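Undergrad: For chain A, the structure is supplied; the task is to place chain B on it using the hints.
2 protein chains.
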Amino acid sequence: MKKINIALLGLGNVGRGVWTILKSNREEVMKRSGYEVNVSKILVRDIGKERGINVPKELLTTDFNDILKDDSIKIIIEVMGGMEPAREYMIKCMEKRKHIVTANKMLLATEGDELFKKADDMGLMFQYEASVAGGIPIIQGINESLTANKVEEMYGIINGTTNYILTKMELEGLNFEEALKGAQDMGYAEVDPTSDIEGYDAQYKLAILSSLAFGTKVDVNSVYREGITSVKSIDIKYAKEFGKVIKLLAIVKDRNGKVEMRVHPTMIPKNHPLANVYDSFNSILIKGNAVGDLMFYGRGAGELPTGSAVVSDMITILKNDVNSENYNHVVKNNLWDKKFRDIRGVESKYYIRIRVLDMPGVLGEVTSIFGEYDISLGAVIQKISKKSEKEVDLVLVTHTCREAQIINTIDDIYELKSVKKIKSIMRIEDFE
Amino acid sequence: MKKINIALLGLGNVGRGVWTILKSNREEVMKRSGYEVNVSKILVRDIGKERGINVPKELLTTDFNDILKDDSIKIIIEVMGGMEPAREYMIKCMEKRKHIVTANKMLLATEGDELFKKADDMGLMFQYEASVAGGIPIIQGINESLTANKVEEMYGIINGTTNYILTKMELEGLNFEEALKGAQDMGYAEVDPTSDIEGYDAQYKLAILSSLAFGTKVDVNSVYREGITSVKSIDIKYAKEFGKVIKLLAIVKDRNGKVEMRVHPTMIPKNHPLANVYDSFNSILIKGNAVGDLMFYGRGAGELPTGSAVVSDMITILKNDVNSENYNHVVKNNLWDKKFRDIRGVESKYYIRIRVLDMPGVLGEVTSIFGEYDISLGAVIQKISKKSEKEVDLVLVTHTCREAQIINTIDDIYELKSVKKIKSIMRIEDFE
Chain A
1 MKKINIALLG
11 LGNVGRGVWT
21 ILKSNREEVM
31 KRSGYEVNVS
41 KILVRDIGKE
51 RGINVPKELL
61 TTDFNDILKD
71 DSIKIIIEVM
81 GGMEPAREYM
91 IKCMEKRKHI
101 VTANKMLLAT
111 EGDELFKKAD
121 DMGLMFQYEA
131 SVAGGIPIIQ
141 GINESLTANK
151 VEEMYGIING
161 TTNYILTKME
171 LEGLNFEEAL
181 KGAQDMGYAE
191 VDPTSDIEGY
201 DAQYKLAILS
211 SLAFGTKVDV
221 NSVYREGITS
231 VKSIDIKYAK
241 EFGKVIKLLA
251 IVKDRNGKVE
261 MRVHPTMIPK
271 NHPLANVYDS
281 FNSILIKGNA
291 VGDLMFYGRG
301 AGELPTGSAV
311 VSDMITILKN
321 DVNSENYNHV
331 VKNNLWDKKF
341 RDIRGVESKY
351 YIRIRVLDMP
361 GVLGEVTSIF
371 GEYDISLGAV
381 IQKISKKSEK
391 EVDLVLVTHT
401 CREAQIINTI
411 DDIYELKSVK
421 KIKSIMRIED
431 FE
Chain B
1 MKKINIALLG
11 LGNVGRGVWT
21 ILKSNREEVM
31 KRSGYEVNVS
41 KILVRDIGKE
51 RGINVPKELL
61 TTDFNDILKD
71 DSIKIIIEVM
81 GGMEPAREYM
91 IKCMEKRKHI
101 VTANKMLLAT
111 EGDELFKKAD
121 DMGLMFQYEA
131 SVAGGIPIIQ
141 GINESLTANK
151 VEEMYGIING
161 TTNYILTKME
171 LEGLNFEEAL
181 KGAQDMGYAE
191 VDPTSDIEGY
201 DAQYKLAILS
211 SLAFGTKVDV
221 NSVYREGITS
231 VKSIDIKYAK
241 EFGKVIKLLA
251 IVKDRNGKVE
261 MRVHPTMIPK
271 NHPLANVYDS
281 FNSILIKGNA
291 VGDLMFYGRG
301 AGELPTGSAV
311 VSDMITILKN
321 DVNSENYNHV
331 VKNNLWDKKF
341 RDIRGVESKY
351 YIRIRVLDMP
361 GVLGEVTSIF
371 GEYDISLGAV
381 IQKISKKSEK
391 EVDLVLVTHT
401 CREAQIINTI
411 DDIYELKSVK
421 KIKSIMRIED
431 FE
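Protein sequences appear in the order of chains A and B. Heads up, the first sequence is in full-length UniProt numbering, so the first residue is 1 and it goes up one at a time. Heads up, the second sequence is in full-length UniProt numbering, so the first residue is 1 and it goes up one at a time.
In isolation and in its complexed conformation, chain A is listed as follows (with noise of 0.2 Å):
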């Protein structure tokens, strides 16, 4: 059996999934792969500190030049996170023709480039499924399997912090606060949940996905971004009248060479199956040109799922012969210009709730606004408050019109005396 060496950058959670696996399905890495993998080497912060599971101390090392500079090492598992030093590590690890395994979503978003180019000029292997919904293949079903396609549009659930916030809030009937809370205790989200809750995770995550589907650089800051924490239980309650629930998608379309990706709150079907994806599960719908619908849904967090990806990519380096210096399986980001559509130039339709003085005529001055920016109406309802009775709540429902069509409306709106205030603009997606 021939052996190979690799080091793991990190042993935080994901790292130590990955050590888990290793011990746990020793054989099966050995057998799918043909090597025996002995982790030489872990990079860690803090020796001493308490980590639950038994790795050997003599692994630990504080000083990366210790795996930088062993040429025994072929193989690095980067799952430190963040952006610095990992850039910079891997960056000198290729350097020194070791192989690359990363889960940082954030460092692909924004320096992908960097590092892909670093590898294809290495002839390296880089490989990166764990950065987007950990366990669920969707890097490789993008890289790989679609690749005889036309991406048109992709839909995906790709925080599973929200996913679970959301789920709690419509099935359980909590607040936000209350749902996030609970997600808090369980360990699904941080202590500071600001990278989940108001969608920056799922934008990073957007980013590398369009990256690869469309074959060109994505800059992070072309995703539109809305997080949860404006979304109500009443919309909710609305939502589930109009047959439909809601979930953060990151959404993207290409038309006709526009493209457009967004992540925000979305009222969807409730009969979509994206709709019944609940808790912390993840799930991506890819429509293809030749595929059709083609979707994935698997655990998009966690050590083990999160794990799986990481070592599953080892696996992939080492039956690619790991000792060859002729590859070509980096993904090349420049192969299309794309233009990327700003959010006001996207189509949708829109629910929105307004609160209005519960007088005569009100909903003829709202409603002639949508008509003088020729957005038609799908539904209207006036809802009694509870907490005053003079004011009510007004749910307008419109067709397909553009973002800027909206805004444009909304200004006007404001101006209306009888108008308290705008409560909640949301997106609907019927994927139709």
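These aren't lab readings, by the way, just hints derived from the structure by calculation. All of these numbers come straight from a predicted model, not from anything done at the bench. Some hints could be false.
Identical chains share a label here; the pair holds if one copy fits it or two copies do between them.
[What the hints assert, rightly or not] Computed cross-link-like contacts, BS3-like style, restricted to lysine-lysine with a CA-CA straight-line distance of at most 30 Å:
{"#": "1", "residue 1": "Lys-423", "residue 2": "Lys-319"}
{"#": "2", "residue 1": "Lys-253", "residue 2": "Lys-217"}
{"#": "3", "residue 1": "Lys-332", "residue 2": "Lys-349"}
{"#": "4", "residue 1": "Lys-31", "residue 2": "Lys-338"}
{"#": "5", "residue 1": "Lys-31", "residue 2": "Lys-150"}
{"#": "6", "residue 1": "Lys-23", "residue 2": "Lys-338"}
{"#": "7", "residue 1": "Lys-3", "residue 2": "Lys-118"}
{"#": "8", "residue 1": "Lys-2", "residue 2": "Lys-118"}
{"#": "9", "residue 1": "Lys-217", "residue 2": "Lys-31"}
{"#": "10", "residue 1": "Lys-3", "residue 2": "Lys-319"}
{"#": "11", "residue 1": "Lys-23", "residue 2": "Lys-150"}
{"#": "12", "residue 1": "Lys-319", "residue 2": "Lys-96"}
{"#": "13", "residue 1": "Lys-3", "residue 2": "Lys-150"}
{"#": "14", "residue 1": "Lys-217", "residue 2": "Lys-96"}
TA: What follows is chain B alone, placed relative to chain A:
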């Protein structure tokens, strides 16, 4: 731009899809693969046949040697199907150092061993994503993305025709014959539908998936098989009363190295994702010991979805440098020795519908036999038959027991004078 010549063996449904994709997605294929792909010959039986697509006549040949002896042809796309001469042609082409892409499930399920070995010996790539579940990348998923896992269970809806029929029966109340007729009218079922409705198609596919998931040779005959011809509308109705639906499920479970493989109509909970896979869609749920639950969903058949898998496979070959002779991509199916469990050793819950005479004591007689064989009952319903008031339907649902216990029980129940007929025995899967 590098150029590559390929040839198609066959120009039926899948062949047409491949041709169409190579034309319509020419730019995608070129950029993703780095090659300009030229179809230089297509083997057909009848050059004059009208095919509904615009293929230049001069590409067509009825002589396999035109392709075999053309050394400029580096990749063979085998989409003729069937056992011979497809097997012979692929072997001969590999001896001439041509890489293979095939969609041939029957051949892979029965002679995959010989084909894999030949590819391995010759250092060639042998791709077969299209052989199972059309456009769904389940082969790649198992072979590349889940290699870090012990696969513990797989559950698949992998035959679109039967799923279409069962969908019509469930949602529109059609009986089997009506639904089959509809499937034939829609082109989903063949004039001779045996391979689909008797479960042979799913049996082949499950044999392939099991072989890959367990890295072992699988005799297709060790896959237990029942079709859907015995599924009655009344059983679908009763299933509904228990909160279940009926699907033709392909099931694999590895229980400590003892593997059971079976294809049969199965009652599954209505709220399970697989229960909501409708029409001709396919879906496969895999449980890995690291990744947890992972599900794939998409089009399991059709020109373009299957063509998508074939063309993506071809691109994978091109990306791996078609001229290299250094591959390690062929899956080994001799990694593990597995014991296969006979259907009598399977453990399951069962749904049993018995027609009995409506007389006192019958229920006691029947249920006491279950007791004799140590089978606990979860539910018993006595239904008045419409046909005759002297006979009633007795519907029983067991707790988990061995199939052997059920077989013995049924044998004894048949002996009872009060029992007219065992109308239905169906396995229940709760995914617990």
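Undergrad: Taking the hints in turn, state whether each one holds.
TA: Verification of the supplied hints:
1. Lys-423 - Lys-319: Answer is neither: 55 Å inside a copy and 52 Å across each miss the 30 Å cutoff.
2. Lys-253 - Lys-217: Only inside one copy: Lys-253 and Lys-217 sit 16 Å apart there, 43 Å across copies, limit 30 Å.
3. Lys-332 - Lys-349: neither (35 Å within a copy, 51 Å between copies)
4. Lys-31 - Lys-338: The answer is between: 14 Å across copies meets 30 Å, while 43 Å in one copy does not.
5. Lys-31 - Lys-150: Classified as between; 11 Å across copies, 36 Å inside a copy.
6. Lys-23 - Lys-338: Between copies, since 22 Å is at most 30 Å while 44 Å is not.
7. Lys-3 - Lys-118: both (26 Å within a copy, 27 Å between copies)
8. Lys-2 - Lys-118: both (27 Å within a copy, 23 Å between copies)
9. Lys-217 - Lys-31: between (37 Å within a copy, 15 Å between copies)
10. Lys-3 - Lys-319: Result: close both inside a copy and across copies, 13 Å intra and 27 Å inter.
11. Lys-23 - Lys-150: between (40 Å within a copy, 12 Å between copies)
12. Lys-319 - Lys-96: Both: 21 Å inside a chain and 24 Å across chains, each within 30 Å.
13. Lys-3 - Lys-150: Intra 41 Å, inter 21 Å, cutoff 30 Å: inter-copy only.
14. Lys-217 - Lys-96: Close inside one copy (26 Å), not across copies (41 Å); limit 30 Å.
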